[in-house]
Amino acid sequence: MTTTTTPKTAPGEGGALAARPPQGDLVTLTIDEVEVAVPKGTLVIRAAEQVGIQIPRFCDHPLLAPVGACRQCLVEVSTPDREGNLKAMPKPQASCTLEATAGMVVRTQRSSAVAEKAQHGVMELLLINHPLDCPVCDKGGECPLQNQAMSNGRATTRFVDVKRTFPKPIAISTEILLDRERCILCQRCTRFSREIAGDPFIDLQQRGAAQQIGTFSPEVLGFAGELPGTVGEVPQGTTADAFAPAGDAPRGPALADESGRPFASYFSGNTIQICPVGALTNAAYRFRARPFDLVSTPSIAEHDSCGSAIRIDHRRGVVLRRLAGDDPVVNEEWITDKDRFAFTWQSAPDRVTTPLVRDDASGELVPASWAEALEIAADGLAAARRSGGVGVLPGGRLTVEDAYAYAKLARVALGTNDVDHRVRPHSAEEEAFLGAHVAGAGVTVTFADLETAPAVLLVALEAEEEAGVTFLRLRKGVLAGATRVFSVAPLASRGLERLSGTLVPAAPGTEAEVLDAVTDRAPSGPLADTAAALAAPGAVVLVGERLAGVPGGLSAVLRLAQRTGARVAWIPRRAGERGAVEAGALPALLPGGRPVADARARVDLAAQWDVESLPATPGRATGAILAAAAAGEIAGLLVGGVDPADLPDPSLATAALDRARFVVSLEVRRSAVTERADVVLPVAPPSEKAGTYLNWEGRPRAFAQALSSTAMADHRVLDALADAMGVDLGLRTTADVHAELDALGPWDGLRLAPPQEPAREPVVVGPGQAVLASWHTLLDAGRLQDGEAFLAGTAKRPVARLSAATAAGVGVPDRGLVQVSTDAGAVVLPVVVTDMPDHVVWLPLNAPGCAVRATLHADAGALVHLGAVSAQVAGPDAGARPTGRRARGATAQPRVPDAGPREPAWGVGAVHRVDPHADHDHADHDHAGHDHAGHDHAGHGAGHDRADHRTDGDGTGHDRGPQHGRSGTGA
Amino acid sequence: MAAPTPLAPVLSAHWDARRSWTLASYEQHGGYEGLRRALALDPSEVLTTVKDSGLRGRGGAGFPTGMKWSFLPAPDGGPRYLVVNADESEPGTCKDIPTMLASPQSLVEGSIITSYAIGCRHAFIYVRGEVLHVIRRLQRAVEEAYAAGYLGEDILGSGYSLDITVHAGAGAYICGEETALLDSLEGLRGQPRLKPPFPAVAGLYARPTVVNNVETIASVPGILRGGSAWFRSMGTEKSAGHGLFSLSGHVTRPGQYEAPLGITLRQLLDLAGGVRAGHELKFWTPGGSSTPIFTAEHLDTPLDYESVGAAGSMLGTRALQIFDETTSVVRCVTRWTEFYAHESCGKCTPCREGTFWLKQVLRRLEAGQGTPQDIDLLLDTCDNILGRAFCALGDGATSPITSAIKYFREEFEAGMHTPASVLFPPERSSLFPYTPREAGRGAQLAGAAH
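Chains as they are written, first to last, in my numbering: chain A, 1 to 971; chain B, 1 to 450.
Source of the hints: derived by calculation from the structure; they are not laboratory data.
Be careful, since some hints might not be right.
Some but not every residue of chain A turned toward chain B, in silico, with C-beta under 10 Å [unchecked claim]:
| no. | residue |
| --- | --- |
| 1 | Arg46 |
| 2 | Gln50 |
| 3 | Arg82 |
| 4 | Ala94 |
| 5 | Ile184 |
| 6 | Val295 |
| 7 | Ser296 |
Below, computed lysine-lysine pairings styled on BS3-like, alpha-carbon distance capped at 30 Å [stated by the list, open to error]:
| no. | chain 1 | residue 1 | chain 2 | residue 2 |
| --- | --- | --- | --- | --- |
| 8 | A | Lys40 | A | Lys87 |
| 9 | B | Lys238 | A | Lys117 |
| 10 | A | Lys139 | A | Lys163 |
| 11 | A | Lys796 | B | Lys406 |
| 12 | B | Lys238 | A | Lys87 |
We treat Cβ as the ideally placed atom computed from N, Cα and C, and that holds for glycine.
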């Protein structure tokens, strides 16, 4: 980030360094009289860092390719010629582009007047057009330009002339503002977006002193023409309105990027952080604080299972911003925009600040003392335990410590195994997979492995959307030529294209069948390619949590791994999932992967927990717990961070909460659960507690408490709750939890048996129907993004994706509106015709205006109805404009009373299966109606290409033309 | 035989022929003989011939051409490229554009021979976009060459095949820098690349590439036709051969004079009818505006790479701009510096910011509003650019300033009190009736000074 380098050479150590014999691939050079041996290929600027010499620099960044643009790092260099005579290079050299060679003699500003003069000269030139507005600049106080101007610049300027100025600022997006006159054109931001994220949404424009960073802007580039359209409209009516100070709206829409694609970089915030001046600023943080007033606490991001290191900067108890931490083994120096900007939810106005109990008379929740609330909760849970039992739903966002407390409390105080942290589609097969393969396995596949793996197969995982920095690491491996990426998915996403990935097409629900077809006997095509690539040593299969929704899917993954020798890693979305698996917050699993059904495990654990015995029968999973509660079989629910809308059937969840006799909710904010709870116990959000996430690698990611707070972590509240129930949980502090986990040790006994489910027959698609494909986009209507309108403005616009043939079948043109409906409800979205299997529709799972689970009560793999929406009925804005998170409830009802022609023009009730195979032949489908719609069956030959489609890094090779043409023109 | 002349017209020998730009005219005067000879040889023998001739790059740097070709790594089966730099944009330089206008086939033939020597199957000619008439001639020449079987498959039955693409630039001085040219040719923003890797190793599309100037390539057919000894018979030992000298400015007969390297300006001025009548030489550029200026004391400096270098300048592109005593050095240098500020690509700090600053200081001096520190400031800023910039174009921007101050410091000192337009009324320098573009600007500035 900044250029600070801590001198590592202690006095007297220079001699020791000099005495060290050069090793294998090392070259020895001298920098300011200090001899240093560095690996061949090391840049001089890095070699100097090793001996504690800091050469000033701006464009240089260790994770970006050298460019040599700013010329600040000039040093004097001599190299030995063939005869070994030292010869000085005629000009000072940029140490950020010069590789160290044997015998090189480098003189930096510390020992060379030439180097010092050169650096002073460049610094003076950098400052002539800089506004020197440090006192009002966000970067002032932590600015490499400011710092190095002080350390390596002239005290005064000789510039008395006219500075170049620009109107300021321009909005690169709703999130990022650019003050061009501050920019020193080091190109770190453009290089980041090109080299790391692969989202080149900004680039250099103009030349000379007028050169500037910008979006593709006709005004700047000086040609006539319309703007390429605006995106990122401020989502009106979002909860942001409630939080944001008055007049603090995003500064207008963001432009489409240079490729004409709507701006949608998930990593754009990194450019702010690596900007060595204050040119790029964040709309929310701008003018809010001075860096020297901030207190920084290293932490771990809570938004995904990567466990990215972050730094929380806060002032007087308020978090003002978050930055990427530098952790080479996990996130390097990058984080997603969600990790960076989505933190306001933790201090939202609907925070629960005191315990609440439901007043018998009024039925309202009223504040109560901790003692009172705990007593009522303890009594209520004890009564519920006696009359049917209590189900425990901790939620998937907990620290290991918290999840362990839920797991232990369920067994010890509530006498049940009815505990499940999964608040999403799940299955018994998944639990078997987790118990056999994940729990207790420790760190197996790592981020570093992804960089070097010859092949990585993604199954039910959109790395960019669901595990952001994992995507960056994959891309790093791909760009280095080390890694090939394959993806079993219904469509090649932009993320996959930027990984130059190969799509192995699979309609939703057919993943297991497709995985089983990945064999060396497969006909040439993506299936055979994948099989061959996975056979290479070091190959990895990354499985997303969504595969739990596909019967047989996880079993097929294990079969595939066995066939090919590839290693398998499970990447859930939520930060707490892996930790909860290890902590035993599952019905059939005790901590450390100990099976509930294993008597030895139970005896061991009971001894450790100092109880007589543990419940012996595996408990119920989330869905079964809720069903039992809704049926009145379970009397009580102890619920952690659970949003019913995340469940496959949100109405079942609310019914269960309504029906259960006694509900205790541990929540940070008021929610659908607290509204139905009898007792609400406030717990601390991540920034107000210490804890440990286990990231998907299984790596412990401990973080300290950033803000002082009276809020307590879940484990401490649960400890007190157990106390009130007369049980000593012994988990009051994190140290207590750690001591107990350490004492528990690893499990060396049997694990759950791996699942062995066969692939299931694909669903039957009737006329006017399609199979739903869906996953979460990184930025959507999730509650953890509440209060950050600037971030919401950079989210992808919700669209429905259909193949050209399917769209034509429904009678919806590209960009037209389609209604996707079930018996429960309907959503209306604009269509983007996409290269994907026919009879499949893709929807964002939880976008503003498109809450799939809440509205449709459906999930990926389900059958939905498609229908065209005429403009008169829906209006052009109907589904296109984000209608805000509050609107979620409103969309539960069909928007369009009469969905229009439910029967597509071509459909005549022929029943056929959607064949996922790459070599699938549409002609098999006996569908006279196709011709009716003017489809050219011969054109389906192109379907083979589609299946065989290896996407191209920059997308230019992604020629979708012929397939579009097929539907557009007819035969 | 006529009286002995110091001229050595080779490229320009038939520029006066009727429709000299046509293939027919070119063939009439010995065109494509060099290619026939080359195709009879092994490519390595062609390379040796060019190496032996002592031909050096005519684009300014003077790097030995044969050696440059030999830097290409051994063939690996992949493509190798020849890129001809025809982005002639240096102020004062006008040799490649007349060559391509009057004798485009010499460039085409040279490109074919060079491509044959280096194993290239696709050559590119990157022409300055502003010279549309030249682009048309060149395109027509390539068409004619294809039609005559000099290009395309199996050239003259030799089994060798070559395609040539003529590509027009989009108007940027930086694209004359070879790596910026390659980026521009690839469709990217024209800015210089980091070296190494050098183009010989990873040039166009990251493949081995030779980048040569138009005149260099156009000189190759002659060498094949006449032999390396013939070529060496001209010029000096280290600067062999003929070259185009472009005289412009206050000279009686401006134009291209093709002569052996090592000729002097005095000889050239004699041929060109001397400085314009009634005036005397004040200063001149030996190789375009990027080379340090010379004065009358350098009239007898041999115009070869070594002698010009020893005298403190560079042979450059042999663009001899002649200025007589009516010219304000300050104004002239200010115009040049405005050019460099306008054309700086913006990639590196010294060139981008330095030229921006120099321009303002020089304008101040031109207006007679300079400060006593300004001359030192100019020199120090030039020192902070020279050798600190990313590419040589930054260095070139400083040459006219430092050399002008060296020879005419008193004129810059006068800039602290008197506008250049008062000391050197512009209408006296003008070769044509003078109409100031910004009428009254000088007067205003002068008025503001009081």
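These are the hints, each one checked on the structure:
Interface restraint check for Arg46 (chain A): the shortest CB-CB distance to chain B comes to about 16 Å, outside 10 Å, so the restraint is violated. The interface hint given for Gln50 (chain A) is broken, as the beta carbon of that residue sits about 23 Å from the closest beta carbon of chain B, more than 10 Å. For Arg82 (chain A), the interface hint is violated, since its Cβ never comes within 10 Å of a Cβ in chain B; the closest pair sits about 17 Å apart. For the restraint placing Ala94 (chain A) at the interface with chain B, the shortest Cβ-Cβ distance is roughly 8 Å, inside the 10 Å limit, so the hint holds.
The beta carbon of Ile184 (chain A) comes within 7 Å of a beta carbon in chain B, closer than 10 Å, and the hint placing it at the interface holds. Among the interface hints, the one on Val295 (chain A) is violated; its C-beta lies about 35 Å from the nearest C-beta in chain B, farther than the 10 Å criterion. Hint on Ser296 (chain A) is violated. Least Cβ distance to chain B is approximately 31 Å, over the 10 Å limit. About 21 Å separates the Cα atoms of Lys40 (chain A) and Lys87 (chain A), which keeps this hinted pair within 30 Å; it holds.
Distance check on the hinted pair: Lys238 (chain B) and Lys117 (chain A) sit about 36 Å apart at the alpha-carbon level, beyond 30 Å; violated. With a C-alpha separation of about 20 Å, the suggested pairing of Lys139 (chain A) with Lys163 (chain A) holds against the 30 Å cut-off. Between the alpha carbons of Lys796 (chain A) and Lys406 (chain B) the distance comes to roughly 61 Å, so the proposed pair goes past 30 Å and is violated. The straight-line distance between the Cα atoms of Lys238 (chain B) and Lys87 (chain A) is roughly 24 Å, inside the 30 Å bound, and the hint therefore holds.
Of the numbered hints stated above, those contradicted by the structure are hints 1, 2, 3, 6, 7, 9, 11, listed in ascending order.
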